[in-house]
Amino acid sequence: MYASIFGNVSAIIQRLYSGTARYHTQMLRVKEFIRFHQIPEGLRQRLEEYFQHAWSYTNGIDMNAVLKGFPECLQADICLHLNRCLLQNCRAFKGASNGCLRALAMRFKTTHAPPGDTLVHMGDVLSALYFISRGSIEILRDDVVVAILGRLKGGGGYWVG
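Per numbering that gives the first Met the number 0, numbering of the sequence shown is gapless, rising by one per residue and ending at 160.
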């Protein structure tokens with residue numbers, strides 16, 4: 000009995016250490032990139048904050064890399080599941096066929112933005128439509144907040160694009 004408990008505790012500690020080691024390895028890569036390319040201080044800080052923020056949401060798991068290991072039909076089912084709240088609750092998708100929703104879900108890309116980061120600058124050409132599934136976003140004009148958009152109740156979300 001004691002051996003079983005000790006074995007389980009050891010396995011848990013090993014998993015925790017493994018995750019921590021992966022985090023530090025990736026952070027070292029980011030810092031090496033910063034040093035090699037002589038990234039200025041302000042941008043360096045943003046890179047490190049982005050990495051930490053993204054890691055806290057994903058635990059270092061690259062969803063796209065994981066999905067690539069599965070057949071496309073299974074990828075579509077997984078993407079549909081991962082985006083179900085948005086697809087079911089956002090008015091833009093009401094009435095869309097299941098095939099349309101599967102195709103859309105396959106095209107969604109998740110991105111993370113740490114607090115204070117700018118997603119789109121005035122004058123940028125937009126190449127994406129952003130759905131807010133967690134957190135909120137401030138819309139600024141001349142450095143004045145004109146709107147704050149956040150996740151809708153029920154998991155819908157606003158889109159910016």
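Calculated from the structure, these hints are not laboratory results.
For each residue, glycine too, the CB sits at the ideal point set by N, CA and C.
Do not rely on the hints blindly, as some may be mistaken.
What the hints assert, rightly or not - Below 20 Å or equal to it, Euclidean Cα-Cα: the simulated DMTMM-like pairs (lysine to aspartate or glutamate) are:
(1) K93 with D76
(2) K108 with D141
(3) K108 with D142
Unchecked claim - Ranges between beta-carbon positions, derived for each pair:
(4) M105 with L148: 38 to 44 Å
(5) L139 with H52: 19 to 25 Å
(6) T57 with I147: 21 to 27 Å
(7) R140 with Q37: 29 to 35 Å
(8) R83 with S135: 19 to 25 Å
(9) I138 with T109: 18 to 24 Å
(10) H23 with C99: 15 to 21 Å
(11) K30 with N63: 22 to 28 Å
(12) C99 with Q44: 26 to 32 Å
(13) E40 with D142: 20 to 26 Å
(14) G68 with F107: 15 to 21 Å
(15) C72 with H36: 39 to 45 Å
Worksheet item: Which numbered hints does this structure break?
Response: Numbers 2, 3, 4, 10, 12 - these are the hints that the structure violates, sorted from lowest upward.
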